[in-house]
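Those protein sequences? They're chains A and B, same order as listed.
If you use the UniProt record's numbering, the first sequence corresponds to residues 1 to 291, in order.
If you use the UniProt record's numbering, the second sequence corresponds to residues 1 to 1157, in order.
Everything hinted at is true.
Computed from the model, here is a short list of chain A residues facing chain B with C-beta under 7 Å: (1) Gly126; (2) His128; (3) Tyr133; (4) Thr167; (5) Asp248; (6) Thr252; (7) Pro254; (8) Pro274.
Covered stretches of chain B, as calculated for chain A (at least 3 residues, CB under 8 Å): (9) 922–932; (10) 1014–1026.
To be clear, the hints were calculated from the coordinates, so they are not data collected in a lab.
Backbone N, C-alpha and C fix where the C-beta goes; we use that ideal spot for every residue, glycine too.
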Amino acid sequence: MGKSSKDKRDRYYRLAKEQGWRARSAFKLLQIDEEFNLFENVKHCVDLCAAPGSWSQVLSRKLIKEGQEDPPKIVAVDLQAMAPLKGIIQIQGDITKQSTAEQIISHFDGQYADLVICDGAPDVTGLHDMDEYIQAQLLLAALNITTHVLRPGGTFVAKIFRGKDITLLYAQLKVFFTHVTCCKPRSSRNSSIESFIVCQDYQPPKDYVPNMSNPLLDFSYNSTNNNLEGSNRVIVPFLAAGDLSSFDSDQTYPLDDNNNYKPLEPVQSPISPPYKTAIKKKRTNELNKNN
Amino acid sequence: MEKQIIITDKSKVSVVNNKKKRCQVKMACVNCQKACKKCANVRPCSRCIQRGIADTCFDIERKPRRVGVKRGPYKKRRNWKLEILAIIEKKAFASQVTSLQFINEKILIEGTGPYLMFFDIENNINFKSFNIFQHSRVHGIRIVNNENCKLIAAYGSKSLKIFEFDILTIEDQYDVVLTEKASIEVKDWILDAKFLYENKQSNVPTDIALALAHNFVIVYNIDLTEKKYEVHSEINCIIYSAKFYGNTLDTLKMASGTVFNVVILWNVLNKSNKSAIIQEFKGHEGVIFAIDFTDDGKKLCSVSDDRTLRVWTVNDRKSVVLYGHTSRIWDCILTDRYAITVSEDTTCRVWDYHNETCSACWEGHYGKDIWCVAISPNKDIVATGGGDSGVRLWDLKDLEYNRIESSNALKEVSLPEQEMYIDPSIKDTLPKKEFIRNFAQVDDRKTVFITNTGYFLVHDLNKNETSVLYQDMSFCNYSMMNISDCKRIIGSGDLSGNVLLLSPDNLFKPIKWKAHEGKVFDVYFEKSDDPNIIYFFSYNVNNEMLWSEINITDGSNPIVNQKKKIKLSVNTVMCLTYSEKFNVLLMGCRHGSVIVYKINNDDPNETIEPIYRYTHAHGKDAITCITIDRNLSTDDSLVFHSTGRDGNYNQFRLTGNALSNNEIKEQELIKIEEIGKSKITKGWLEKVIIVNNTKLLLGFFQKRFFVYNDDKKYEVMSISCGGAHRKWYFSTESENINKAVFSFYRKEKLYAYLRNIQVQKLFKEEKLQDNLHGKEIRTIKFIDNSIIESDHIKEDMGLLVTGAEDSLLKFLKYDPDKSSIQIHSKSSIRKHTSVIKNLGFSSGINNLLFTSGACEELNVWKLEIKEDTSEMCDSNLYINCVNYVSAPHVSPVTSETRIMDMDIANLSILKLREYANDIGIHLIITGYSDSLTRLWVFDEKSNKFEIIACGKLSNRCILRTKFHFITLNDNTKKLIAFVAATDGQVYLCDCTNIVKKYLDGELSKSKELVSFSKITLHQSGINGLDVHTDINNKQRLIIATGGDDNACSVAFVDISKDNQNKLSVINYKKFTQEFAHSSALTDVKIFNDNYILTISEDQRLNIWSITINEKIEIKLIESKYIDIPDVSCMDIVQISNTKWKVALSGIGIQILYITLN
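This is chain B alone, in the form it adopts within the complex (with noise of 0.2 Å):
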């Protein structure tokens, strides 16, 4: 027989001696004192009383008590923090999001580390946040909203908390007031969390039900101050989800599921001595990571690490089993409709279950994993949070409206009867098939196509009509056709050479030259500055292309003159664009290049060739279109954006003597470089257009033609089209399309899909909170205000670059001033292939960012950052960074050797030549995992990188390398280098000669690089690493450490110089702190002189304090918990006398200030 346990009481499930103190009275009477027991506050005692002794029951004398004893034990438990020497205050944080909620349609509630989160999602404001727990993150959010009650439960770990809200109204913005009416820890994770109802009339809750990992449930009063149950299910297992249904307590149900790979649905309160379980939903292959209900409760769902979605229904065997998803699948809501379901592999998948398909894909996330969807009340917007501490919105009705499947939707246009446009006398001359040859669209009802019989012919779409434009034998079986942006007029050219401007409206004759010998490969229009005159480009077999101006400023009589002629380098131009500004024209080609011309007069008969070719611009693939951004572009750069059928969407500039009016003479001054690149799609990308500020990315993937949104990161809608199309046309009014035309040409037949739907924005902005890296960030620097060109520098400005195993390079931003706790994405750049472990500025002639990682990637970049306040909304924010130069690979086990740590000195500061200003050369030294350290040069004039040094200091792979430029008593400056390495060792080497050799120019060949001193400080591998010179003796060097035994070190080291100018260390003290941290130290920093900031993988920093007097000794002074998991990298930046700024960064950025007593 089976049965149910219903425990009562397991409060004592901890094994320890938790035997009660007995209550401290304050004075015992003589009797007791004397017995050493139990006395009583009233006399006389009860112990007396008993005793028969009442009358001798009186106080004890006290005895003086002694002052300046130093006493007991209690001592060494004084509160540790009693003295408060520093002040942490917390200020920007992002991490993954770990849960979301809505109140309402316009509300919606985000869990992120302890923060609860308020977003108005109509205007797109993050209006409150809340730091709600000290140890916890915010793993669910439990709402109720009703005109009776509002009250949020939020739980996480094992905490709960229950709060009252209010959502207040002023001047049309929101506010929230929270007020914390209740909270408990409890015994295990809490899994999921259940208001419960008197009766199924009532709308405040009594209760409140939790499930917990162990497969049981606790339900306590809504205040928390009652256990009123708790029922552990029969089976007795890990439970990794569960999911309750049902509003009281007697109706209410729990799925859970199990480590056993099922989902088993049982009643919680049990009546009768039967089971429990109501039914077991067997199949998955694997953990069940969440579950969910129908609003009926008769269907639920679970997704899992099988990577599978399955429905199920109450009392049917049957279940619908989804398959999709490449990785395991974290979270789901089920709908009468529609599954929706969130996965590792950042894709949110919404499903018909019913039809057994997947109607959508969204990719809005980075990285790795979207940990949490959640529906708004009236099942319209979804919302996710990803790992890359993104949360998006997306609008349900978009799969109705933006996903076109069905062949319905598309119009074929088919040729009229041909006694309807066939001129009978010419027809025994023409083709006897006919058929649609090339077309224009002109708008939304008007298309203009040609056939191979030579009939120009306009088709309206609406009222399905068709008449004849223009006829011409020479346009019979070949013609080529384009239409201007204006759609005023229609180029064509045959094959003998002759180009046609035509009217699609007949506004005036049509005009047809001979313009080339053989057949004309294309024609191109391009819209120049002024509105009426429209450049028309053609081109033939023999690369000759000839470039026309037409002035139609008088629509009925166009005048066409010849402006150049052009001498093609290849011959297939794919797309081109014209900078008026510059006088340069752009051509992007068949396989991958960007060819650049020059115009420097007006003599129409010049033919002008290419005075630069870039390569590669998309690998070998075909540029499919070329746009100039006017936004970006300077006096001194041209900016143009191109697409490709390698899917890329990328950005170049254009700088040099090219864009000068002078005449070109040095070749090698004009240079392109890639600014951004981003791959958008498997497929091809076609074009790119801008719509009222917004730019749309048009491509083809597998069978569908998509239009992207390149600001908000997603798809607006795609059709189904057969496949990639030759000839296809695309415009549309606004971003959001909800009028737009998109015509093609397949097997000889036109087809268009007309679209003019009014849908109503439910939100602003699709991205509610940015995306920042999806993985694990390894190094975060804040940037220092003398990069920012700015007229409002402040001392905090709140930019920071970040790198991330994701390989991404970050511009992020935080709002110092405001209380909002959001960080921004500003920029993001991709040219690493893998992680990006570490980050360094140097300025010379450029600022210059140094960035490296894994796969021996070396980078520098330059970077220019502007801050452009002159208008009154928010500022505008400019960050322009280029990659500059590689360093070339060099060790032999070459893409897999990771360079662990990099440090870089800038030799005009250091000026260790008195005799030169070494301006623009810079010293890097980089640590390996194959346990080398390489001295790198680079220089700016040259462009170079060069290895000066390189040595084998230990046989064991490098964690930390770090410069440190001291002055000897007697003025020598010398550069040390510190290296640390898994041996837990420190190796201290002198660069001084070497790169004064360099310097010189008296370096043939890369020297080796040996140390002059180790000091070991750690067991095993040391992850931190900093060194200061003592303030009171400058000889005098302060190293801290952190390391992976959970110890912090502090050494100091005397350096000194021996008459052969050699270093040594002459004096060596350390102390080391073993007991740190519970856990590996992955960075430590010294500041403000005396005191070190260290972090740890036990989520805690800890700042120390070193005192000096006969040995060193450090202190803890102050120990915090960062809300961010696997925190690996720290920066600290003084902001005033007494305050500093500290980024750390893991698994998401936290910003804290630290204020010094």
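Bound conformation, chain A alone (with noise of 0.2 Å):
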């Protein structure tokens, strides 16, 4: 799809290049606070996950207000390098390592963290039970980091696949929050699978001692726990986010003015995809069809 085909087809698309966000889903992000009030009296927070750091950008620009005192402070978390944003302090690094939930922890000055946010997903495959199973470990790396470094009582806010297996994460994060909840911003096409569960008040377990080495595996479906499946399932409330006044990102909006129309560019292109070389080859015609 073209640029401007996108742009028609999307709003969104359109409306965060306009406003400066690397990416469309700085505005679920936006969204799911109108409804949560995430932000609110937050002094540490943690992006996991972020390039190529819209949510950072929102947290940037939502958090840090000029002249403040003791601004609050934000770290961003990714294994790849991202072009810097004011105010946020960038880690690369994994996050399933021990040495990466202490560096964050160091820059709070040993205090814990109010909020962590996760945007992250796997390239998807098209094969939906793999799909959902990688987006699951990486929604439980997040945990499990997450509980290396949240204050009690903290928010956690991640992004999932809503698929056949979603119970299981359900039950999973009901046993370290008090309340679990399923938002889906208005900004996030119906026809996609994605949502966002928003964990309020963390409480762990009292034996639970945080252990990276020790991977929360999920659950699974077993006589053991069948209250999994049918009437008795785990139930988490869901929640549209963003008012009924917001762009519809499954509707086709004109674009303002067809003449004066012109595509802006992305405001962060992708870095380095794996099939780079591939298509510089099929550019400079190496490839062909039968060699």
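Take the two lone chains, each set in its own frame, and fit them into one complex as the hints suggest.
Structure below.
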């Protein structure tokens, strides 16, 4: 799909470029915030899997005000490097490592975070069960590091795929948080399987000791927890975030002025995709159909 | 120092408080009961003995249990499934093929969804299928097959099952018995499994090793009762792929493909303190999706997100990097000779990695993704499984036989020495330099060619001998040439208008006559119904064509008579064909037109003129071949096929009075409809030939000539010939091209490729399982029996129509009577340019099918389905779906606006007007992504779409539209439209007056569509909407909706009419089941008056019953896991009093039968 075509089809894609967001997902966090007031009294905040950085941008614009005496501290973690952002402390590290957790805490002067957010997702393959599993593992890794850095009572927001085994994931999150809500911002397309999980009031089980070498492998359906299916399954309320006056991500909008319309360049283009060399070879005509 | 973590017991990884509940004794003793402590079943109990009060240890006295009292919390926990109210039976299934494995050279197992399907590849039969998993898909199959042991291990997600199998042969047909031996759920995603043996000599496995996604290995005993060994790799990360090598635990190695783009080869059993890593293979620029080893384990290959295949040698730094796939590569196989890869780009490539070239690019799947590939034990047959549910077989030997690369395979025919044939007496009058001007291929050994010196020479390709057939000075420097299909006559034309008929075997004397004034442009032969009558056409620069009839009953003395003169309307005829049955001559032209001529009398001197011209049959490109299809033509329609230089192969149908034997008066009544179109190549498509009922398409692409089998959709043969040629011949005796000849003329030279090989066929059909849709199926409908013309109508014919993201419209069939779960593709039509989201039937004068989707496309098709059961064999199904009319585009943002939903109302059935029958008028409601809703009328008599109303009911994207027809208490009929949008609201509109005005002819322009009521049912988008009239109250409507917010809502709405005939909602009750599913609902249907069927992205189908007392309630009565992901649409049809059939579509199709008790 070309840029202009995407612009017509997706109002948020266009809006993100107009407002200088690195990705349209910024609106999702803004709309979740409208419902949950995520940023109230947040002094320490962690953005996991931050690249390309649109959620960090939101944190930066929302939390950091001019002339603040003691500005809130925001730490962004990703495996990849990310273009710098005002007021954001960047850590290039692996969220499955103990050292990363320690590094985060050190930036907070030994204090714990009030809010942990994670918008990470793997490249989807098209095999839904596989994609959902990998996404669940990513979320559990994020949850695992969160248990190291979040203060009791803190909030955790993460992307989930509402697929066939989502109930299992809800069950796991309910172990750690008093309130778990599944939230779909209106800027996230109706047709998309993606949703966001807002976990409030972090209360780890009494005997729980955070441990990095012991990954939280997820639950499975079996005879001992049959409450995961049927009418007695774990129930997580759903909330559509963002009011109805906001743009509809499924709707086709006309380009405001067709004559003056110019497609904007993305704020940040992808950094070294895996197919870079293959594309280059194709462009230089090194690849032919039969060799 | 690096260390390896050997984990002995990690079963307590879950952090949930799994404190074991103490075991319950039947009755406690008095002491223990008082102390609320654990007691035992023996007296005295251990606690009393310990405390020295054994003498007072006796049973407590039970209070009598009061009856008729509702008890405690366990009532809520009652098993909700105890009372079975509905039985759901799985019937047909098709989805992504996720694994394939050969048992031997004759039997292949396919893993799709939860099924293991067994195929007899010699006879192309799916002889058995087993549903082995409850919640998982089969991602891998491993087999042990020897005289002592026959085992299948199948895994998917976290499940593993081991079966014993036994293949039986009953009356030449295979059967299989599968016995489940063991089953286990592990804690992580399984990527590979490997049977392990005690020692190298043993052929009965004792253990099984599993490779898991967090880069660790667990070894179980073969009964899966004991975990023998568990080891984590020192590289702690998620892996997308893993492959074992080795048959015993102490030699077992694993190659893991990490998310950090590295392949790590490591020893599973580590005996020393050293690092277990043998080698790290670095170079990939993306995630690694699959790995395979050669049999000796010395080489391995890996495929990746970076579109490369890399072949690595153990203990060597060198690697072979192969580019070619245009998208991600999902699976690979490595043999000593080839590497075989399958990709997201829907191709399977075979690589000669020793020479670093791609030997073949097989295209047999559609849409997106080939997920898996398998090779037979002898490494002869390759099987590929696609996202389109198709399973294809490929013969690796084809690479040697059917891809002709070297010029050595071509025979060059050169002119003999001049002295050999030139008559010395005329030598001086001839041009100095001589070369071949034109040629005709007689058979696989004989070629006739003409030189620029006017010599007709016969060349024997086997003996390499040339002899003179004829010489004529008038054919010097210019000559057109062609040969009849029967190869008995060669025709030629010269510069001055002479034509010549020759026998290649010199059986008759050359016949030459002056046919035209000026240069003969071209000559053609066409066979007639009589094998001894051959038609001959020649035409000149002045657009005059002569049609002669050659009677060759006497082979030594053919008689030529003029049949007709033809006035050409264009000067570049490319091909022609004649239907004797209808006396119709069809011509294909250079600029893409088909021209129709009609022969009304036997007058040979009459000049006939074109009666009809159909333009752009192949765009503006040349039509290269036209043939009549006698099987599909009927008494009043002529079906013909054409090929063109746009690379397309098209089918057309000619109807109207051109076919009758009366004089043609009204030209409008002649009609050519395109009934099929498929793009075969990006190059030129030159010809279609039918050999043993198989359609072979011939063409040129890039520097090659190819033969494509259209029935089986694969390239049978390709020859490197330098590019497209103006003059070429191809003929073959069999569809597998064991014997064939291809000759062409290039740069004044003649080349021939002769082929005579005997290849034993390893399998019956290339296509083992039909390709369905290559992308998500967005709409599915059962085809109603009333549309099917058959002498054996059954209650369930198993016919379906589907539309998908791949923009194909497909007709599918499953067999309700057979045990096979297969779904067959019967017909597919590509007309839409983007996704088909909606389908609807309506029968007026014809049976119509409406389709709509993205890019604002709305089409109507005329549908004819005939089942011919006259023959004893399987029934023949004829599906004719002709594109009738496309609705005009109306949105300002044209190309981007999507039609989100559509519903059709047949006005001849609704009878809104008592005084007219309104037959052939159909009302369509369409909801658009730009928030508009439109009412269209399609009139079959005028063949026109017209908008009669349009409205912006909601400010947001429309998701669902539906008509519902009610009769009020005073017998007024009302047509109500229901429109649902992403704002969670349902809008009700009264369409009755607008439609009536239109029918009465009082509607001058389109009206505004307004709603008389709206009801809020969901927080966000409504994905499913169904409306039903309450059986007890005909003014009460039941509206059921399913939303993106996981909820299912039911609203009871009482409709009333005021004195101005305006509708309003007078009474309204609703109930929302907020937690109907754990993910977004995608469709909802009401059935059996008070039952609701919901489907959701959580891959479950729920059945609810509606009860209405004080308030409405919906109660879950059954829930079933659906085996297809992304299920987004369903259709339900009642087949008996208590039985319904349900079709579900998403990534694949599943058919279920529901029986209510």
